[in-house]
Amino acid sequence: MMVGSKVDYDINDLYIPKDNKGDINYQKSFIASLTIIVKDKDGKVIKKYKQKSHSPTSNFIGLMLPLTWYHETGNSWTITNTSNSTSSYTPTITGNGGGVIYPNSGYNNNDYIVNILVGSGSQSNSYNAHNLNAPISNGSGTGQLLYSTLSTPTNITINGNQAYFIISQTYTNQSGSTITISEVGIILNLITEAASSYSPSTSTVVGNTLVWYDVLSSPISVANGQSITIYYTFSVNA
Amino acid sequence: MLVSEKIPKEDLDYILEPFKEEDNKKEEDNKQIISEKIIAIVRDAKGKIIDKREQKMKSLTQYYLALMSIPILGTYSYGSTNTATGILTNVLGLPSNQSIYNDSAVINFDTSIQLGSGTQSFSLTLKNLNAPISNGSGTGQLVYYSQGIQYSGNFISQLLTVSNISGNTITVSEIGLLGTIYIVYWSSSSTLTATPYNYLFSYDTFSSPISIPNGGSATFQIIITFSG
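Chains P and R, in that order, are what the protein sequence lines are. So for the first sequence, numbering that gives the first Met the number 0 puts the first residue at 0; every next one is plus one. So for the second sequence, numbering that gives the first Met the number 0 puts the first residue at 0; every next one is plus one.
Fair warning: there could be bad hints in the mix.
Claimed, not checked - Heads up, simulated DSS-like pairs for lysine-lysine below, C-alpha to C-alpha not over 30 Å straight-line:
id, chain 1, residue 1, chain 2, residue 2
1, R, Lys126, P, Lys51
2, P, Lys51, R, Lys57
3, P, Lys49, P, Lys38
4, R, Lys55, P, Lys49
Read the hints as simulated data drawn from the structure, not as lab findings.
Construct all of the structure, not just a fragment, from the sequences and the given hints.
What follows is the structure in structure tokens.
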């Protein structure tokens with residue numbers, strides 16, 4: 000319960016960082032990284048590559064905004080899927096409720112990570128990216144890579160002063176030619192809805208949604224017969 | 000089908016190896032994805048600013064990382080069953096499958112700032128402030144006003160204003176970002192239930208304690224910036 004009279008002038012002191020993008024000296028509390036390991040057809044490691052990952056997309060940000068922001072502003076968030084279709088997202092704990100679907104004993108429409116999508120293009124505005132610029136499809140035809148099953152974590156690992164989880168996927172080139180990977184993204188099959196949804200017809204199936212996107216600092220060439228494993232690591236550090 | 004596989008040790012060693020200078024030749028490679036800062040502005044009873052602080056925030060907990068897993072991994076463990084991901088159940092203690100009356104269930108969350116007068120060492124599994132300052136006008140209390148959140152471009156700013164009418168100076172030495180995750184569902188034909196699960200998402204101590212005089216007020220901000 001609030002008591003006393005509100006001191007409303009302090010809100011005018013709201014500090015807006017002018018350009019936090021340029022400040023690289025902040026304590027690195029959160030780190031995401033991208034690790035790539037290329038192997039030849041015999042499984043021998045022939046290249047290792049690692050870079051910091053930079054880019055949650057606008058879709059990700061909307062899902063990370065707290066309820067208070069939605070309640071205060073009255074705004075919804077526009078989520079755009081990989082087919083460029085938009086959906087409005089407004090979480091709430093009142094009315095009929097709203098948010099991301101959660102496993103339950105009634106109606107389910109699964110919200111889950113689909114894959115780590117790789118591509119051969121690039122785009123500069125990762126915040127507004129809704130898909131990879133030039134996705135590489137799954138297969139053994141020209142320009143394709145064979146996507147293996149995605150590996151997902153069942154827990155957060157704590158190792159010393161670091162807590163992390165890792166997602167990984169392996170791709171094999173059986174296309175007959177070298178394929179170059181230059182962009183990577185995480186695709187989520189996103190389902191948002193009200194708790195009063197009775198069936199698939201009343202839930203919002205956003206569908207395949209790009210939530211994280213990176214352009215590789217150095218494109219990786221995968222020769223025919225080679226395989227490549229991509230690891231996304233998300234960590235916080237004490 | 001999605002599966003969880005053991006990562007080969009040699010790969011894991013390389014993944015967890017700290018970045019070397021040669022791994023990040025471009026300036027862009029060293030940009031922070033998420034950076035955080037804390038700002039405090041203290042005023043006396045007449046509204047005059049008597050203290051200003053700005054410091055880097057250092058300490059996100061594993062619970063914030065688990066929250067971030069929702070827009071990355073989703074809520075379902077994999078596409079063919081109706082169970083929550085291991086991170087949601089193992090780290091956050093959420094139910095594997097929420098029992099409901101009918102229809103469906105959803106998940107969302109909110110955050111708030113908590114101030115405290117103690118200190119403690121940070122750990123990734125920290126759950127509470129050492130000595131939280133409660134809301135009120137009694138001895139050792141601060142009046143917490145409703146909290147605001149702004150989002151602009153690339154940062155989320157959480158703002159808290161407090162005033163001290165306790166009769167004595169109050170010293171603030173620790174600050175935390177509290178998180179509440181809600182699972183929302185119909186528990187009967189007429190009752191929408193939002194079950195709260197509470198966490199500490201971040202914890203920091205001030206480099207030197209902040210004193211709020213009686214009659215004074217203070218604004219605290221936690222800013223989380225996504226580089227994009």
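How the hints compare with the structure:
Between Lys126 (chain R) and Lys51 (chain P) the alpha-carbon distance is near 29 Å, which keeps this suggested pair within the 30 Å criterion. Between the alpha carbons of Lys51 (chain P) and Lys57 (chain R) the distance comes to roughly 19 Å, so the proposed pair stays at or under 30 Å and holds. Using a Cα cut-off of 30 Å, the hinted pair Lys49 (chain P) and Lys38 (chain P) holds, with the two alpha carbons roughly 15 Å apart. For the suggested pair Lys55 (chain R) and Lys49 (chain P), the alpha carbons sit about 27 Å apart, so the restraint of at most 30 Å is met.
Consistency with the previously given hints is maintained throughout, with no hint failing.
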